[in-house]
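A.B. asks: Per mature numbering (1 follows the signal peptide of the UniProt record, and there is no 0): the sequence shown = residues -26 to -1, 1 to 309.
No wet-lab data here; the hints were simulated from the structure.
Values in this document were obtained by computation on a predicted structure and should not be read as measured data.
Where hints are given, some of them may not hold.
[As the list claims (entries may be wrong)] No farther apart than 25 Å at their CA atoms in a straight line, the calculated lysine-lysine pairs in the BS3-like style are these:
no.: 1; residue 1: 25; residue 2: 306
no.: 2; residue 1: 111; residue 2: 146
no.: 3; residue 1: 72; residue 2: 242
no.: 4; residue 1: 72; residue 2: 25
no.: 5; residue 1: 242; residue 2: 306
no.: 6; residue 1: 156; residue 2: 146
[Unchecked claim] Estimated spans, in silico, between C-beta atoms of each pair:
no.: 7; residue 1: 70; residue 2: 113; range: 39 to 49 Å
no.: 8; residue 1: 117; residue 2: 89; range: 15 to 25 Å
no.: 9; residue 1: 198; residue 2: 253; range: 21 to 31 Å
no.: 10; residue 1: 28; residue 2: 238; range: 30 to 40 Å
no.: 11; residue 1: 304; residue 2: 113; range: 38 to 48 Å
Quick reminder that beta carbons are idealized off the backbone N, C-alpha and C, glycines included.
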Amino acid sequence: MSFTRYLITTASTVCLVAGTALSASAATLIVGNKYAGTVSFIDLESGQEVKRPVTGGSPHELVLSPDGEQVVVVSYLEDGYIGRELNVFDVATAAHLKTIDISPHMAPHGIAWLGDTDSVIVTTEETRDVITVDVVKGTVTGQAEPGLIGTHLLALSPDSSTAYVTSRGSDKVSVVDAETMKITHTANTDVGPEAVDVSPDGNQLWVGNNQSETIIVFDPQTMERQEVIEAGFLPIRVRFHPEGQAVAVADLRGDRVVVYESGNREVKAEIDLAPHGAYGPASLLFSPDGNSLFVGAQDGARVAEIDTSSWSVIRVIETDEGADGLAYSDMKVSV
């Protein structure tokens, strides 16, 4: 893939739900609509929303099962509501399968599937801990207690053995052994750490700091700082390309995505989303083949699809209010 620098500012390449997208025709994009309390199931061949079931309140994040057949949706936190549940949906039918009560743990947010197991690992922000949940049994099976404020997002090492957890109110990133659920290290960040992702080769950990407007690159093995990138904007999410050469960063307030080269950390592309009505980009997801980058626009009720060969917006897909958490399945959702 070429990483010649691009600055994309026009809307000339975009069309709403047009058939020019690069994503696989049989695939489904699942979107958590955090303001509406719904989940959108998008047929990526047509770009149309096929189903929109109601879920638990404040569905910020979600994760796909390893076989692509189910998606687990968190129920986080909003005014007058503190979530205590995960909701499981079938991808092919968009049917609600079960609700998992995780009490006494509250406000689940960051979530990842632990390899080929039946379990997910979840941050529970209000109770300041991290839990594992067996999705098949519907039970909480493990707990780590960072005891930090704002335990919000997590990212897994490539082998799923380690979770890196950001606590945005305590300015820390915690390292959790996902098998024993023991905290093995806690490192200082800058102010307001939230975004977090691990490179595909496991050699880089990127942490975005909202208030400092910086991105810290850690060595995941030692948790020593390799570099501090002065982003100059609020880096609400970071996401490595599947090949590891590029890192996409969502600029929440600037309505754009900034793409860095992971080796020299130079900016390679800037994609302006405002001309496409994709305001407030707050989530990022690459397609498995790396050809597309999906961006959830929480203030625009839509998802932008970016062609990673040109770093240009090629399609905008309508969702419900507060498009946030994203998942991609090779299964086709039925009409």
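A.B. asks: The structure should be examined with respect to each hint, and the outcome stated for every one.
C.D. replies: Against the structure, the hints come out as follows:
For the hint pairing residue 25 with residue 306, the CA-to-CA distance comes to about 12 Å; that is within 25 Å, so the pair holds. Pair hint residue 111 plus residue 146 does not hold up; C-alpha atoms about 32 Å apart against a cutoff of 25 Å. Using a Cα cut-off of 25 Å, the hinted pair residue 72 and residue 242 is violated, with the two alpha carbons roughly 43 Å apart. For the proposed pair residue 72 and residue 25, the alpha carbon gap of about 17 Å is at most 25 Å, so the pair holds.
A distance of roughly 34 Å separates the Cα atoms of residue 242 and residue 306; the hinted pair therefore is violated under the 25 Å criterion. A C-alpha spacing of about 16 Å is found between residue 156 and residue 146, which places the hinted pair at or below 25 Å, so the restraint holds. Distance hint for residue 70 and residue 113: a CB-CB separation of about 19 Å, inconsistent with the stated range 39 to 49 Å. Hint check: residue 117 to residue 89, Cβ distance near 19 Å, so the stated range 15 to 25 Å holds.
Separation of residue 198 from residue 253 is about 37 Å and departs from the stated range, judged on CB atoms against 21 to 31 Å. For residue 28 and residue 238, the Cβ-Cβ distance of about 46 Å falls outside the hinted range of 30 to 40 Å, so the restraint is violated. Remark: the range hint 38 to 48 Å for residue 304 to residue 113 is contradicted by a beta-carbon distance near 29 Å.
Comparing the model with each earlier hint shows violations of hints 2, 3, 5, 7, 9, 10 and 11; every other hint is respected.
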